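Participant: If you want the building blocks of each chain, they are given just below.
There are 2 protein chains.
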Amino acid sequence: MATLGDIGVAAAINILSAFAFFLAFAILRIQPINDRVYFPKWYLRGLRSSPLSGGAFVNMFVNVDFRSYIKFLNWMPAALEMPEPELIHHAGLDSAVYLRIYLLGIKIFVPIAFLAFAVVMPVNWTSGSLHGSKLTYSNIDMLSISNIPLKSDRFWTHLVMAYAFTFWTCYILKREYQIVASMRLHFVASEHRRPDQFTVLVRNVPPDPDEPISELVEHFFLVNHPDHYLTHQVVYNAKKLSSLVSQKKSKQNWLDYYNLKYSRNQTKRPSKKTGFLGLRGSKVDAIDFYTSEVARLSEEIALEKDKITKDSNYIMPAAFVSFRTRWGAAVCAQTQQCRNPTVWLTEWAPEPRDVYWDNMAVPYVSLSIRRLIIAVAFFFLTFFFMIPIAFVQSLANIEGIEKAVPFLKSIIEVKVIKSFIQGFLPGIALKIFLIFLPSILMLMSKFEGFISLSTLERRSATRYYIFQFINVFLGSIITGTAFQQLDEFIHQSANDIPKTIGVSIPMKATFFITYIMVDGWAGCAAEILRLKPLILYHLKNLFLVKTEKDRIEAMDPGTLGFNSGEPQIQLYFLLGLVYSVVTPILLPFIVVFFGLAYVVYRHQIINVYNQEYESAAAFWPDVHGRIVVALVVSQLLLMGLLSTKEAAHSTPFLIALPVLTIWFHRFCKGRHEPAFKKYPLQEAMMKDTLEKAREPNLNLKEFLQSAYIHPVFKGGDDSDDDEMMEEWVQVPELVKTKRQSRRNTPLASKQSCSSSSSGD
Amino acid sequence: MATLGDIGVAAAINILSAFAFFLAFAILRIQPINDRVYFPKWYLRGLRSSPLSGGAFVNMFVNVDFRSYIKFLNWMPAALEMPEPELIHHAGLDSAVYLRIYLLGIKIFVPIAFLAFAVVMPVNWTSGSLHGSKLTYSNIDMLSISNIPLKSDRFWTHLVMAYAFTFWTCYILKREYQIVASMRLHFVASEHRRPDQFTVLVRNVPPDPDEPISELVEHFFLVNHPDHYLTHQVVYNAKKLSSLVSQKKSKQNWLDYYNLKYSRNQTKRPSKKTGFLGLRGSKVDAIDFYTSEVARLSEEIALEKDKITKDSNYIMPAAFVSFRTRWGAAVCAQTQQCRNPTVWLTEWAPEPRDVYWDNMAVPYVSLSIRRLIIAVAFFFLTFFFMIPIAFVQSLANIEGIEKAVPFLKSIIEVKVIKSFIQGFLPGIALKIFLIFLPSILMLMSKFEGFISLSTLERRSATRYYIFQFINVFLGSIITGTAFQQLDEFIHQSANDIPKTIGVSIPMKATFFITYIMVDGWAGCAAEILRLKPLILYHLKNLFLVKTEKDRIEAMDPGTLGFNSGEPQIQLYFLLGLVYSVVTPILLPFIVVFFGLAYVVYRHQIINVYNQEYESAAAFWPDVHGRIVVALVVSQLLLMGLLSTKEAAHSTPFLIALPVLTIWFHRFCKGRHEPAFKKYPLQEAMMKDTLEKAREPNLNLKEFLQSAYIHPVFKGGDDSDDDEMMEEWVQVPELVKTKRQSRRNTPLASKQSCSSSSSGD
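Chains A and B are the protein sequences, given in the same order.
With the first letter of the first sequence counted as 1, position 156 gets the number 156 in the working numbering; the numbers rise by one all the way through.
With the first letter of the second sequence counted as 1, position 98 gets the number 1098 in the working numbering; the numbers rise by one all the way through.
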């Protein structure tokens, strides 16, 4: 087991590597050529233009100003400077509330850490049951609950502390829930007119032999919402079309690449093979080939579009129905329309950006079967994912490679390379799996039939959290694969499971401290460096970029990634709460993580990430719920641990804690969750009345007419067919991020520029 | 363990006692003097008048007609004769659907019994692992799964049968859910105008310093539902008033009793003691005393009524808000009104009869704390109820009684009496507790703050089911108190719990067969006899009844008692499903119970029970859910049982069953439950449109004005104060059970009379 000294060394290494990342970031970001990698958000919002256009050429690559190397952390105060309302206007409420998760971590764990250091640590340290022990215990264990002898009365301290920490956490959670709920309501209320405020998504429109879907929808709502119905838009099945469009785009990219290649080297026309992956088949002139391919696809696209508009089979049994008033839409979204609860399903339309178009037409029975399939699949994924990986690992050994590619044998047999491969190969299958896991989970959610990106991400996040809880948290505490654990738990009593886990917890403290430093500290620092987008951008810049538009496409701002990011934060909440009473020395590491991550992600959200959609913090109930789960888990594990310590006096008093915590959760759910699911009629009526007074002659129908059109009909291929699109997109009034005060941000933007321009 | 012969004897005894009950019933019911005990429903509906008024005097007591003794079961076909739509009109949808639970039992278990007798029984019987066994096994065990040797391949039969039974049960459940849902929708749609169709209950109206509650409600709904709001009624706090009224009623009863006594024996004026229970205190003239008491209470009631109308503190923060259209009410009931989800809570108003007035003003936080308290209390009630009972038992022994009442010592010491008391006393505390259990659970539900009788009963039923499941089902299988079981389960692995229970199941078959016969068969037969109401009616008739009105009050039709009746039926579903594969010999007993109970309760519903409220079968989701629970329990226990039989090949194939069953439940829930919770707008609009066309000049406001008035202002004390009540009750349009075709029922009524009049 590691001593305090070992941890000190590990901390030093991780702090150094974090500093190295920050240093690299500081150097790279002030090079104007990387400007689009590190500040894409400002480009997307049109508040920043390319620095390449002006200035001395030499300054583009080398920064010789000594000051900027001293001030290499000055992005941190800059990131913290933007006030929250400004941030909401800049990057949306989702991002602002996402940052509050880190703040929540700080708010919860800083007082807990102080209290734990003031009370729990001295009690643990002075007990000294381990001082005379024959087993070699580490210093860390001296500070943990392990140091307290069996049946000691000192466990009352831990009991009282567990209560104190629970109450503090619940208090902060409740306050935060309240704040976020009111932020959401304020955000929704203060928003400008948005199409989704007036629109309801109707799914599972039952087929009618006499009427086409469009008329059916119109008649149904004219009859059942006579005073409120305004207009509707049917949903077209554009799967094939969008696949054609993306095919065309890829071919166009290749065409551009070969054109660029040819223009640089006029002596030889580039050629390619038509077969598998460009490796086999007959050789053809690449430019001619791709030109003809693009032309063919353009034709097909035009044909398909024509078909979609004319053929009624392309209309899906779903529609976006818009109402005259927000009140009408709120009513329709919250009520049941028809006797049969599986048809005419209404719900709030997601924001146009947020719609996931492919799942519009899944019928009820199929939906329900899909859920079952995914639930079973997820169970197997969580508990049996090691089996295929072990299989791949068994294949991917040195002998296997030598058999497959005999000509590499001589290289592989070199000792250094051999040992490297042997050490590296077994891990790679697992690593690849873990990298792709969020995408696999997203695919699962998509299969389940959710209709907005935000729901998809929330669902995936829940699954990812469960996976991490079982395979990272439990998997680290108890050795063995998840399936072995499951098997063990099934054969253990409900009483013994918390004991088994609880006993191992103090022993794993050093492991988790290292984990926090590597994954949390260094990981955060690596995030800000954006190594992958940096490389990809420069590669694209080299091979594809011709115009300014290409350059904009080449920059990949990325998104916040709620589906993988939030579960990772939750792991830290879990670790912090579990160890708060047991081994408080872990807490400062958690606090540092939350502080660092808050600064880093605030910087990234301001400068980098693109906002894919705006769900108005709809994810908060999930965040809250998972922290409560962590709290209950920590209480159960503490009970298990204490019962192995034979602290028979104090353990029974812990039983009330999970009961109270679960009750607290239900109370909060009832009190605050409706703000995230429903839209109060009072609010709707207020906004309607105001709007009517302000703009009595508003033509709402025009405003709503083309809000919900499949994106493939909107932009995507603006190179041609524009004239046809005109009839589709009359007023492309997409949701704009509101921006009331423009005077602050350009300043902030200039500030972050100022460090880079200081070298000019 | 009992042999088949033992069971035959037990069956004979129970069948005989059931016949004895039926015989007694047949004799008693044809005595005209008991007419109001056995046919109160017809009196309540005004379709039958007292048979005492006409006919020969002697025939009132003795029935000498030989034929009626042969035809003593002829009420059975009569009970089955009334068609279901007729039954719905006669006794309400709740009763009709309640009977369908018994029918459901028959539908599920008759085919299962046939299949089990055809397949499982021969397989068990011919295995014969027990034939040569040293242990003495009973014949029953030869027919059960116990007879099959370990590791036998014959367990595949049971596996396949488990699948077959599950699919059959699910199929029937789904079909039944569909039928009941459509019955409910049809019932709601075909109903006449009812106040609750237009009315929404608003609770937690936030206090406003500037406006009284009545105005506040009016303004809020005028603003937020401008086109639909019609009128509202505030809720008065009439707790004190109703307690005064009931006090007065009781004193009036005593006054009547003493008056009657005096009128029969004019020589001596009756007197009573004013102290504790009429045992102590000074002696006064009873008639004078009660006359003055009644006068005092009348005055107090008048004062209290005056106060309620004038003092605004008596107005509770709740109101019944009525709308112009059903559409408007449906919208308001299903939507959230205000930002703060804990105020302005709207829900469908219960039927006026169904309202539980005392819980109208419970604030949200208090509600949530009450739920917690009751959840904890129920846990302790379920697992620790034996502790106080054991305590009472330890007190109530012979010595204790002798000490308390020494003068009885000589009587108690008589040997026969002593042994009787010793045998009787320990059981009595438990028996009393079990008799009062449904009332205790009802009190708990009332404390939880539900606002309609139907919800209260549904909630109590759920709790009663859990109690029975743990204390009757598990308690019979595993010896020891519920708490000992809980303790054992906590210390057992999740794998072992089904094994422990599963192993004991075949051994308890004979016990449960006896239980079914005693509780099910004889219990049903006893129910029809109505011994308690019979005695009480005749006592009241003797001491209190002066007028026809008194006689109506004296008859106690009782109600269906969903809160205690349904959980008991569910126990039979559980037993049937658990034993269907294990010991199929139990199935015929279950089938007989369902058949018998169906006939008995159909008779009682037609002739006896009064309908307290009409919830339109809102309880069906609970019934369905509990049968699914029974199904899953039976599957888990079978898994446990088979794994102890080391049937390693077949057991894993059972895992899919609970997964599929739970999925089936979720599917049904999504598909059918909304019909029981929501009111589709399409339906509302259809009815509104129809009504507008039919009755364009309807004065809805007048119709609704006094629908939701506390019953204490309506009837109750119609002896005086009537003139004051007039201003309250303008149009006492209470919900009438609709009756379209009157030609059938009087016939049925006459039929059931005919047997009694045949003796005249």
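Incorrect hints may appear among the rest.
Claimed, not checked - Below, a list of computed lysine-lysine pairs in the DSS-like style, where the Cα atoms sit at most 30 Å apart:
#, chain 1, residue 1, chain 2, residue 2
1, A, Lys-251, A, Lys-174
2, B, Lys-1239, B, Lys-1692
3, A, Lys-174, B, Lys-1446
4, B, Lys-1273, A, Lys-678
5, A, Lys-446, B, Lys-1174
6, A, Lys-151, A, Lys-174
7, A, Lys-687, B, Lys-1678
8, A, Lys-669, B, Lys-1261
9, B, Lys-1669, A, Lys-446
10, A, Lys-431, A, Lys-409
11, B, Lys-1273, B, Lys-1261
12, A, Lys-677, B, Lys-1677
13, B, Lys-1669, A, Lys-678
14, B, Lys-1687, B, Lys-1151
15, B, Lys-1549, A, Lys-499
16, B, Lys-1669, A, Lys-677
17, A, Lys-669, B, Lys-1687
18, B, Lys-1678, A, Lys-677
19, B, Lys-1669, B, Lys-1692
The hints are simulated quantities; they were obtained by calculation from the structure and are not laboratory data.
Keep in mind the model is a prediction, meaning the values are calculated, not measured.
Participant: Going straight from one Cα to the other, do Lys-1669 (chain B) and Lys-446 (chain A) come out at no more than 30 Å?
Facilitator: holds (23 Å)
Participant: Starting from Lys-174 (chain A), check that the Cα of Lys-1446 (chain B) is at most 30 Å away, please.
Facilitator: Since the Cα atoms of Lys-174 (chain A) and Lys-1446 (chain B) sit roughly 29 Å apart, the hinted pair holds (cutoff 30 Å).
Participant: When you check the alpha-carbon spacing of Lys-1273 (chain B) and Lys-1261 (chain B), does it fall within 30 Å?
Facilitator: With Cα atoms ~17 Å apart, Lys-1273 (chain B) and Lys-1261 (chain B) stay inside 30 Å; holds.
Participant: Checking one constraint from the list: CA of Lys-446 (chain A) to CA of Lys-1174 (chain B), max 30 Å. Satisfied?
Facilitator: holds (29 Å)
Participant: Verify the proposed pairing of Lys-1239 (chain B) with Lys-1692 (chain B), using a straight-line Cα cut of 30 Å.
Facilitator: Not satisfied, since the Cα-Cα distance of roughly 39 Å exceeds 30 Å.
Participant: So if I understand the rule, the pair passes when the alpha-carbon distance is 30 Å or less; does Lys-151 (chain A) with Lys-174 (chain A) pass?
Facilitator: Outside the cut-off at roughly 36 Å; violated.
Participant: Below or equal to 30 Å on CA atoms is what counts here, so check Lys-1687 (chain B) against Lys-1151 (chain B).
Facilitator: violated (64 Å)
Participant: Hey, Lys-669 (chain A) versus Lys-1687 (chain B), does the alpha-carbon distance stay inside 30 Å?
Facilitator: Violated. Lys-669 (chain A) to Lys-1687 (chain B) sits at ~36 Å, over the 30 Å cutoff.
Participant: Hinted pair, alpha-carbon criterion (30 Å max): Lys-1669 (chain B), Lys-678 (chain A). Please report holds or violated.
Facilitator: Distance of about 21 Å is within 30 Å: holds.
Participant: If you draw a straight line from the CA of Lys-1669 (chain B) to the CA of Lys-677 (chain A), is it 30 Å or shorter?
Facilitator: holds (20 Å)
Participant: Run the distance test for Lys-251 (chain A) versus Lys-174 (chain A): straight-line Cα separation, threshold 30 Å.
Facilitator: violated (53 Å)
Participant: Within a Cα-Cα threshold of 30 Å, do Lys-1549 (chain B) and Lys-499 (chain A) meet the stated pairing?
Facilitator: violated (69 Å)
Checked against the numbered hints given earlier, the structure breaks hints 1, 2, 4, 6, 8, 14, 15, 17 and 19 and satisfies all the rest.
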